[in-house]
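Colleague: So the chains spell out like this:
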Amino acid sequence: MSVTLNDYLILSTIIFMIGMYGALRRKNLLMLFFSTEIMLNAVNIGMAAISKFHGDLTGQMFAFFIIAIAASEVAIGLGLLVLWFKRNNNINLDSLQSMKG
Amino acid sequence: MFEVVAFYLFAFLTIAMFCIVVMTKNPLYALSSLAAGMIFISAFFFLLGAEFLGAVQIVVYTGAVMALYAFGMMFFDSINDIKESVANPRVTFMMSGIIALLVVAIFIAPIIGANATAHYPIGVSANYTGVVVGNVQDIGLVLFTKYLVPFEVAAVMLLVAMIGGIILAGKKMDISITQLSEQEIDNHKTDTEIAKDIK
Chain C
2 MSVTLNDYLI
12 LSTIIFMIGM
22 YGALRRKNLL
32 MLFFSTEIML
42 NAVNIGMAAI
52 SKFHGDLTGQ
62 MFAFFIIAIA
72 ASEVAIGLGL
82 LVLWFKRNNN
92 INLDSLQSMK
102 G
Chain L
176 MFEVVAFYLF
186 AFLTIAMFCI
196 VVMTKNPLYA
206 LSSLAAGMIF
216 ISAFFFLLGA
226 EFLGAVQIVV
236 YTGAVMALYA
246 FGMMFFDSIN
256 DIKESVANPR
266 VTFMMSGIIA
276 LLVVAIFIAP
286 IIGANATAHY
296 PIGVSANYTG
306 VVVGNVQDIG
316 LVLFTKYLVP
326 FEVAAVMLLV
336 AMIGGIILAG
346 KKMDISITQL
356 SEQEIDNHKT
366 DTEIAKDIK
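Taken in sequence, the protein lines are chains C and L.
Position one of the first sequence corresponds to residue 2 (my numbering), numbered consecutively onward.
Position one of the second sequence corresponds to residue 176 (my numbering), numbered consecutively onward.
These are computed hints drawn from the structure, not numbers from a lab.
One or more of the hints may lead you astray.
[Claimed, not checked] Examples of chain L residues toward chain C, derived with CB under 7 Å:
| hint | residue |
| --- | --- |
| 1 | F185 |
| 2 | V197 |
| 3 | L209 |
| 4 | F215 |
| 5 | A218 |
| 6 | G238 |
| 7 | V240 |
| 8 | F250 |
| 9 | I281 |
| 10 | E327 |
| 11 | A344 |
[Unchecked claim] Restricting the straight-line Cα-Cα distance to at most 30 Å, the calculated cross-link-like pairs of lysine-lysine (DSSO-like) are:
| hint | chain 1 | residue 1 | chain 2 | residue 2 |
| --- | --- | --- | --- | --- |
| 12 | C | K87 | L | K321 |
| 13 | C | K28 | L | K321 |
| 14 | C | K28 | C | K87 |
[Said to hold, decoys possible] Output of the computed footprint for chain L on chain C, the stretches with three or more beta carbons under 8 Å from beta carbons of chain L:
| hint | region |
| --- | --- |
| 15 | 11 to 25 |
| 16 | 32 to 44 |
| 17 | 49 to 57 |
| 18 | 62 to 71 |
| 19 | 78 to 88 |
No residue lacks a Cβ here, since even glycine has one placed at the ideal position from N, Cα and C.
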């Protein structure tokens, strides 16, 4: 009995689904960022697993770049969030509907 | 055997931590368990023989990203009283359908990819140095040859993100707009405008 590629991919799917559930359910914008991080990490696990089981380094490279993208996304996103909070004094997702008729 | 035990242990821990992140009402608990989940994910990278990626995961996520979130969280004091209203059930049905499709695709993917061959096989650095040294050398070799341009583009992207973050969040850091009353904010604005006029 050993861990196969499918086990890793199923784990990756489960974590991705948790992240997607959080992104759909939560109204707190900070929680939306957390859910995005969870989804990005789920993809990273899949990439690393495929890299191992197919013996190719490209998967690890892509995971590496995904980490870089996640880091810059956090920097920009939190900057925008701080700006939004200074202006509106809340980080509720519903407060973003400023064009609601 | 050790690998199987470690895989299931860390899978359970990771899923539990991420469930706490999406379920809890308290954002501080969410932040802490997200940091824990990130560290547990790095365990998978070590299990998969991607030591460099595991180290980067710990350094970047729990070192940089979590610190940034903790820093950002200090701004949001009224964080607890956000109402989590129930979403549209039709959206939920549609999304569960999409997720089901995703699961099917993931189960099929290994069958499709069974004939794929490696362009950059693990252990590529052994061709150059003659000794098998490990994951970090492999990563370095591939990263600085084939993926040199994406690497530099990523560096520029991180620089732009840093400048963007500073400009967005760092405006008027010396005064806390959130703690002033409306009257005081108006007064402050007029003060700065007067200062501009004098200049």
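Colleague: Can you list which hints this structure breaks, lowest number first?
Modeller: 1, 4, 5, 6, 10, 12, 13
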